[in-house]
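> Using the hints provided, position chains B and C relative to the given structure of chain A.
Protein chains in written order, with my numbering: chain A, 1 to 100; chain B, 1001 to 1141; chain C, 2001 to 2137.
Any given hint could be a false lead.
[As the list claims (entries may be wrong)] Pulled from the structure, derived: some chain C residues nowhere near chain A, Cβ distances all over 12 angstroms:
#1 L2002
#2 G2004
#3 V2027
#4 N2034
#5 Y2040
#6 D2100
#7 V2105
#8 M2108
#9 T2109
#10 Q2125
[Claimed, not checked] DEER-style ranges, computed between Cβ atoms:
#11 L2101/C - A1068/B: 47 to 55 angstroms
#12 I84/A - T1058/B: 19 to 27 angstroms
#13 L2101/C - G60/A: 27 to 35 angstroms
#14 N96/A - Q2130/C: 22 to 30 angstroms
#15 G1061/B - L2002/C: 49 to 57 angstroms
#16 G1061/B - I84/A: 44 to 52 angstroms
If you're looking for bench data, these hints aren't it; they were derived computationally from the structure. Because the structure is a prediction, the values reported are computed rather than measured. A virtual CB, placed ideally from N, CA and C, is assigned to each residue, including glycine.
These are the residues of each chain, in order.
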Amino acid sequence: MTPITGLPLTPPQAPALANPLAPANAGGQQFKNILLEALNQVNTMQGQANEAVQQLVTGGDVNPAEVLTTLQKADISFRMMLQIRNKLVQAYEEVNNIRI
Amino acid sequence: MLPALDISTSALVAQRIRLDAVSSNLANLNSLERDASGNMQPYQSRYVIFQTDEALETKQGAVGVKVASVQTEQIEPLYRWQPSHPYAIKDGPKKGYVAYPNVNMTAEMVDALVATRAYEANIGAMELSKNMAQQSLRILG
Amino acid sequence: MLSGLFNSTTIPALGEVLNFAQARHTVLAGNIANVNTPGYRLRDLSQTEFQQRLKEAITASRTSAQAVSPGLAYSEPGDPMRQVRSSLENLVYHDNTNIDLEKQVAEMTKNHLLHNFALTVMTDQFQLLQSAISERV
Chain A
1 MTPITGLPLT
11 PPQAPALANP
21 LAPANAGGQQ
31 FKNILLEALN
41 QVNTMQGQAN
51 EAVQQLVTGG
61 DVNPAEVLTT
71 LQKADISFRM
81 MLQIRNKLVQ
91 AYEEVNNIRI
Chain B
1001 MLPALDISTS
1011 ALVAQRIRLD
1021 AVSSNLANLN
1031 SLERDASGNM
1041 QPYQSRYVIF
1051 QTDEALETKQ
1061 GAVGVKVASV
1071 QTEQIEPLYR
1081 WQPSHPYAIK
1091 DGPKKGYVAY
1101 PNVNMTAEMV
1111 DALVATRAYE
1121 ANIGAMELSK
1131 NMAQQSLRIL
1141 G
Chain C
2001 MLSGLFNSTT
2011 IPALGEVLNF
2021 AQARHTVLAG
2031 NIANVNTPGY
2041 RLRDLSQTEF
2051 QQRLKEAITA
2061 SRTSAQAVSP
2071 GLAYSEPGDP
2081 MRQVRSSLEN
2091 LVYHDNTNID
2101 LEKQVAEMTK
2111 NHLLHNFALT
2121 VMTDQFQLLQ
2131 SAISERV
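With the rest of the complex left out, here is chain A:
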C-alpha cells in the first residue's frame, strides 16, 4: 500500500517556468494525472479496508488493531481527497467570478 505522500500539494511549476513558450496545457496534463492517480490510491485503500473488516467478521486470522488502523488510514486519505476537491472547486469558482 503506497502512502499518499506522493501527492504534491501544489501543482508542479517547474515545467512551465523552464520553457515559457511551451503550451500551458502541459502543466495541466501532469496535474490531472497526479489527481487521477491519487483518486485511484484512495479507492484502493478503501477497498483494502473493507476487505480487512470482512475478513475479521468472517473469522479470518487478522488482528483487530490492524483492521482499525487500516480503516482509519483509508478514512483520513478520503477526507484529505475531499478537502482537496473542495479547494479545487473553490478555486474554480473564484476564477469564474473574475470580472473582465
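Only chains B and C this time, still in chain A's reference frame:
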C-alpha cells in the same frame, strides 16, 4: 478475537478445581472412605496436577492450562489408641489403634491462599485484555 | 440507486454481526442465570456457522446485481443477507453437566467486544458516507 481471554479463563477454571480439592481435604480431616477392595480406609488428600493445554495454543506460543488429573496421596495415616472403636485394627503390630487421615492443614490453607491469589491475578489479566480491546477502538476516534 | 448506496461499504455485513452478537448475548445470559438449575444443558449460538453464512452472503452480494441492505422491513426478498439470519435461530446444545461460570462470562465478554467493535466500525462508515454527502470533511 483476543486469545488472551481464553487463556485466562482456562486458568480460572483450573484454579477453582484446585480450590475444590483443598476444600475437600479440609472437610474430610477426620473421615473414612471406602477403598477399591471395599474396606474403610482413612481419607487421603487429593491434589491436582496442572498441565499446559495445547488446544489453546496461539501462534506466538502462548498456551492455556488444564487440570490433567486429580491424584490421591498415599501417605501413612495417623494412629490413635482406641481399642473399643468399631474400626480399630484387629490384629498385627497396630492392634487396637485406629487409623485417621493425615491431612496437613497448614499446607492445605497455604494452597488455598495461593489458588485464590492466582485466581485474582488471572481476573486482573482478563481486565487488562478487555481494556486493551476497548482502547483500541479509540483508533477510530 | 438509494438502496444500493450501502453496497460498497461493509455496513450490511456489520449489521448482521450486530444481530448475531445481541442474540448470542441473550443465550449466554440465560446460561449464567441457570447455573444452579439441575439438568440444564448449555446452549450457545454457533459462531463458526454464522461466520460461514456471512462469508457466503458477502460473496453472493458481490456477484448479484441486487441491493443488499440490512433491516428486516426494508431488505428485498432476494437479499443474500437474509440467509444469515436463519443461523441466529439454531441453538447448539452442549452436553456438559457442570457449567463453568467463568467460561460463560468469558464468552459473554468476547461477544461484547465483538459487538462494540462492529458498532464502532459501522458508525465510522456512516460518518464517512455523511461527510461525502455533505461535502464537509
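> Which hints, by number, does the structure contradict?
10, 11, 12
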